[in-house]
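Can you join these two chains into the complex? Each is in its own frame, and there are hints to help.
These protein sequences, in sequence, are chains A and B. Everything in the first sequence is counted per the working numbering, starting at 1 for the first residue and increasing by one. Everything in the second sequence is counted per the working numbering, starting at 1 for the first residue and increasing by one.
Please keep in mind that the hints were generated in silico from the structure rather than gathered at the bench. Watch out, some of these pointers could steer you wrong.
[To be verified] If you want a taste of the chain A side facing chain B, the calculated C-beta under 7 Å gives, among others:
1. Arg155
2. Lys157
3. Pro160
4. Phe161
5. Val163
[To be verified] Chain B is nowhere near these chain A residues, computed Cβ spacing over 10 Å in every case:
6. Leu166
7. Gln544
8. Ser566
9. Ser647
[Claimed, not checked] When the alpha-carbon atoms are kept at most 25 Å apart in a straight line, the in silico DSS-like pairs for lysine-lysine are as follows:
10. Lys146(A) with Lys169(B)
11. Lys157(A) with Lys37(B)
12. Lys148(B) with Lys157(A)
13. Lys174(B) with Lys157(A)
14. Lys148(B) with Lys146(A)
15. Lys157(A) with Lys70(B)
16. Lys555(A) with Lys102(B)
17. Lys586(A) with Lys131(A)
18. Lys37(B) with Lys148(B)
19. Lys174(B) with Lys57(B)
20. Lys197(B) with Lys157(A)
21. Lys37(B) with Lys348(A)
22. Lys157(A) with Lys102(B)
Computed from a predicted model, the values in this text were never measured in an experiment. Beta carbons are placed, not taken as given, at the ideal position from N, Cα and C, and that holds for glycine.
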Amino acid sequence: MSKQTFEGQSPAAPSDKIGFVEAQIRFICRHAWAVVLVMAIATAAVMPLVSKLKLRANFMDLLPADYPSIKGLKELNSHVGGTSFLIGVIESPDETTAREAAQRFIQKAGSFKQIEYVDNRTNSPLFERNKLLFLKLESLQSLRQKIQDMISYQRRKNNPFFVDLLNEEAPVIDMKSLELEEKVYKIGGFAVKEKDSFMQVVLLKPKHPVSDFVHSRLLFDEVEAGFEEVRKEFSKPVTLGLTGSYRTRYQEFFTIKRDLRVTGIIATVLLILINLIGFRNLRSIVYAYLPLSVGVIWTWAFTEVSIGYLNLITAFLAAILFGMGGDYTFHILTSFEDDYRETGDVEKALIMTYKDLWVPLWSSMSTTAVVFYAMTFTKFEGFRHFGIIAGVGIFISFLIVLVLEPALIVLIEKYFPLRRKPLRDRVKISRWSIRVTVVLGILFSLFSLTQISRVKFNYNFTDLQPRNGEAMILSERIGEHFGVHLNPVVFMTPDRQTASQLAGEINRYIEMHPETLFHFASSLTLHVPRQQEEKIGVLKEIGQILASQERIISKLDGPTREKVESLRAHLDAAPFGIDDLPDGLKGQYEGKDAKISAVFIYPAVRILNGVYGKKFVKEARALPVPPGVKLAGEPVIYADILNLIASDVPVALLVSTLVVFALVFWHFKRLDHVLWVHVPFMLGVLWMIGMMGAAGVKFNFFNMVIVPSILGVGIDNGIYIFDRYTHRRTENFFETMHKSIKGVLLSSATNIAAFCSLMFSTHNGMASIGALGFFGFLSCLLASVFFVPALIEWFELRYAHLFRRNESSESKA
Amino acid sequence: MNICRKKIAVGAFLMVILGSSAARAQPAQDAVQTFLKEITAIDFSAAPEAVHEQASKAHPYLDLEALSQKALAAHWDSVAPEERSQFLDLMGQLIEYVAYPKTRRLISQYTVQYPGAEESAGEARVPAVIQQQEKGLDIHVLYHLREKDGQWKIDDVILDDVSITEDLKYQFDKIITESRFAGLLQKMKERLERARKESTGPPAA
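Chain B with its partners taken away, still in its complex shape (with noise of 0.2 Å):
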């Protein structure tokens, strides 16, 4: 009886074991990959709401709150909640409408190489290359990934040594110290109004 039970337990931790790897699931490269394939699977001429709902198979893999933290800095814990959650929105369709089109155009005619990720202690780092007709024009990018909750995602993303984290900080803390956290809110649904007026069929590849 005390052997079965036995038994059973390492069973059982096994089973916790295998599955919490199973759980971990892609590694770090294998995220950045399927972002990127999600994103050149969208369809930007679609309705917006096709568009809204092919994007959001990207969302997964991107940590937008971590990436928006980390651009607000010592704002995020000065705003609202209130405010923090229509930030969150308009940042998420920002990159749906701004960003994701742009990384699809620049990915969508080019093979992409992975040289190598590391992965450490809950962090990832996966460069990309985005081979040119020229070697010497090969667009090197850098995907910083965090694990949360199981999952890799994306909260930085660095090309020709900007990241941009940085870059939104920059502008954030600009834009705030100007006309303060409303006013940046303001400057977000400007910027998204024009982006969908701009975005009236497939992004040019």
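So that you can see chain A by itself, here it is in the shape it has in the complex (with noise of 0.2 Å):
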């Protein structure tokens, strides 16, 4: 099809005053060897700051250094090195095996460079020899009368002369009824049978912290030698498992890499797929991708110095980077392609272009800058973070793109002149068409409302981990067996009494509080067993009746007579005090300074669901507490990340669809076109709403970042079509479309390739970036593409235009 003169344009001439634009794009196409010289220096000036690039991918990076919670645990970590373990799992199918098997691991433990200390109340011959001081005293007396009870009947039983009438059950001494006096006894000596394994656990304190990856890998090598040395000395079956902060944490760093690695190739073969679909040649994969790869090694750069490290949500901003600056760059292309044909001159052509497009391009960049920027007034360093890179990197990107694309076209079209195909005829849209996509438009936004209540916020910080992770799968094992989760929150108190103290009346608080969020409280104090007197005397009671009944006990079953030989083997216990527990427990709580004295709030659920994190943070800080006393550890800082998300989202994404209606009202400068680019927006949303409802995909605060970037291209979209439609008097909305869709279609779809590829991530927080990205995209460009505009013409054929556009031609340069 031959381009249209349109009326009221008057071509430029020679003589004519050269504005702006032409005169910057004359001087690039002149000087385009130096504007790729320049170019190509100063991104390799800049490459020295993009190596020095890091991830961090710790939960600790998406706060504020100096916020309460940080600063807390900083402080706990310098004390105590933390609450997090590295937990070894133990597992055999013969029991004998797997205690063996861990008593043996133990004892290798203690002598690993990485590990400061183990806690396993099994290994400590005070611990072992005392065991059943750490029950009840009442559980003791119990015991006794059960051992008396069980004697009576054996004895009963014995006599040749005995008839059972009452079919009475034998008594049984269960171990496993006597309680704890604390429950804080239950951490350190958990061993437990399945179905069909024995499993005993070991917590291993590491000397370095949780962020130390390289320590880390150094750690797990260590320990996988030294249990396999143990292994090999067993003729079963037993193996060893990792789980606990470190492994975790380590875990998801690296399936990060590997994701960010993998998506990334996908990304690049869906891009040059989608460049090769459009345009048919290689060069636009040059003309396109160039300069956005020019533009993300410059936002790295920048982002090298200004904050110095990606965190966990601004890891995949390369992605987010390509698919928006596609924007430009294929706007650019499509609109030189077609001028190109017309002029037969690139220099002219492009000179077409960029007046054609200079103030749309100023006004799509603006509002996508802008909605970055409203990100950056949040405390979540998640969000200011992703704002501040995105924001400048679109800027760059763009601001790359209008420099280096032009002269990357000249070169190339000058030593590699190729020529156009002449464009096919319009294809020719029907009524019927136009109505069909109007109905099912209007259907599925019907369907979009029904879901809006199906599409929720997931809160559970356990579904954004990676896929299938083994570390995470063995914590809900341990965590479901135990009954305690070993995600504490830690009150720093100034002294040993006061700890005592607190956690006397935080466990008189969860006594009389039954819908409590906490477990237990524990403090040094707690691991000294209280009546220790009363409990040996009982003890001792045990031991004589034990000993006056040898014959009975020979007679008793094999194993009953195995509980009666171990029990006793602990009658033996002595009295003991603070200063004989393991120095490892007591840096557990005092650290090697002894300048605090912490005490342990367990919680009772798994607080990895943020909702009850929440709640159980909120439960903590509510607590009456002395002065000085500092509450820190890693579920106040995932309850303060949801907070503030919670907080400040919902007022960045207002702020920032204000700012964007202002925008897009200053270059329109009428209500009702402003609302018409809207539209596509807005159903954009809705139609993702509806499309999460159906797949069944949450909101969490992993992608809620990618909402602001779905408003920026959905009125992306809106600006391009309408800024043409109004200036192009004597075309039809649809012809307007013919010109503008292909440049919407590629860089919608070049967004979508993008998203798409991270639904390859078996991270699941990232998959669910691209699962959002991908709904949220597509469903603007159904939006913007098919459904308003069909929508438009079947207006404008039925009843009147609905957009009053421009009486003169007006050249926005």
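Structure (structure tokens):
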């Protein structure tokens, strides 16, 4: 189709005043080599900065360094090394093998270079000898009674004239029914029998922090090698699994890195394919992606200088920058291709393209940048950094595209000229297809309204972990079996007495409030059992009973006799105090410097579910504590992240929406035009919710960051389409669409492809970003390219022009 | 003539005395030994009628009625004669099917020593030590006997300080309180039925 001459538009004549845009393009065209060379040198110069950019996959980096919860955790780490362990799970179908392997492993682990101490009660002679003292006095008395009952029953049964008419069950010595004096004693002595295996858990305290992955790798190697030596000593199968924060964080970090590589390759392949389909030549790949690549490099250099690292959320900004930067490259390329076919001259074609697109490009970039900048006011570093990097990155990419793309076009077309095939005639759009599109759009909109209530926010952090993460699965097994969730919050108190008092008060609070999310509180003093003299007395009585009934014990069945013998081994308890506790345990509460004494509060529920996590932390913060006592711990950080998102994100979205509205109004100057420009975005969001509801996708703190991008792109499509329509008064809407649709389609397709690639991530958080981006950009595309144009055309055909277009041609340059 | 009558009278007196001594028969220890010997001789793999016939040889040394009366205690007088008769019959069968096999199992492999019986005023206590391989594991049983109709009969067996009559008393009291005497008879029948099913062969040595 030949390009129309538009009425009212005067082609530029050489003698006319050369506008700014035209001057810019002429300069670039005449100095293309210099432009490319300067860009290349500048890009090479910033590469050292890019190579220094690191990924920090720690949740702590999502809050500002001076945030109270971050400072608290750092202080806690400095004193006691934090609350995290490397958890080793030793498993075997044979109980004896599992126990003995654990013992051997614990002995070895004590000498590992990366380990501070091993927290396992069975390894300490003090705890092993006195383990019965950790039971409640009533439980020991009950045990004594049970033993007496058992002996009595056996004595009766042994009498040959005994006739059992009552069918009484033999009394059993059920050690599991005995109650520990403090729930904290469950920790460190973990062992459970599953259906097919016996599991023994060992807690290892590393010397380094969780975020030090280099030392974590050394630690895992040391642990695995050490266990391998132990394993060889046993004929029966025995395995070691690793979990705990050290393992889960490590796996998450490397999963993200791997995912970035894999999704990067997938995105690259998809983007090249889109380019080839759209332009049918290889050079378009260079025109489109070389400037974008340079833009991303400069953006990373900026990030290294301004922030210094990428976090869990900004890690995949490259995909977003490519997708959104593609907006500009594709609009320029599609317009250039048309203009070049018409003029046959590169420079003239570029001038025409830039004159047409200058204003909408700047408006589009501004709205997108504003949407990202609106996120920078939040304290949630995940979003704030995202806003800074994306906002500046979009601007950098835009400028580079504006300058480098025409330079590349000039050079490549000069040295490698390519004859373009004429365009096919415009496909006629029938009224029938317009009607069908409108009806389908309305129906899907109605369906989407029904899905609004289904699309909720997923607070569960475990759903945002690597898929099939072995460490996380093992962690859940342990939590379920032992009834203790190792995610405590910590009150840092100035001394042992305060800690002891506070722990007592909290445990009393727990007893009085059954609905509390607290499971139990522990301080160092609670590790010394109470009423030791009375308990030792009961144990002595039990010993005497057993000593006087040897014959009866010898006649017991095997398992019962084993229990009795096992019990006997621990009857010789001796009293002990705090000073006798293992150094490792003391260090856990008071560190080496003993400047604080910690009170741990363990949750009764899995607080990686953010709903419970927030409530748990809120409840802890509401406890009346003495002055100078501070709360810290990872759960506090998780809760603060969620609270910040809840408070800041809606405001950020509102601010960006209002500013975008104002910008679009400044561009179009008419409220009705502004509203029409917003229609594709609003419908896009509605349809996105419809797709999410149908697919079961929820919002979470990872993918919420994409919503502003969807706002930006949804508005962009409207700006390009309606800007052209309002300035070409001789074109009907579909003629306008024909010109601008290709750019909109290709730029949307690259966004969709970029997010689609993220859906292949094994990290669920990243995959959720891909899913939301895919649905969001697809919805905006369908709304802006199909439904809204069909709706407008349907109105215009039946009623009147919806758009009052400009009477005079205006050059926006 | 008078001297003859006197001699006849003395001789008759002596015969009575000697006869009654003879009728008093074994010491209590012998009664226990014979009792245990008869039990050991029972072939429990034989047909029930044969087992019953063999077991009957041990019955004379057991005072079932006294043992039962002690166990039922206050309930004994309140029970109707027919029920008492039924009770005694069941008790006898339970001893035959439960107690005798267990006794045989207990003593058949080991030597039984009798350290020294005590007899006085119609009562006797006969301790028995069933010797195990380890001296500390020897089983000490105390048989309590009463003289009845010129014969020593066992009316209690005490092992590890557990008196069988006391234990039975505890069980009887509990059952009668919950489900009356009829309930006790029912329980005894059920236990007997179970014992009969279990007695499919000779008791394990």
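| task | Starting from the hint list further up, note which numbers the structure goes against and sort them upward. | result | Of the numbered hints given earlier, those the structure breaks are 2, 6, 12, 14, 19, 21, listed in rising order.
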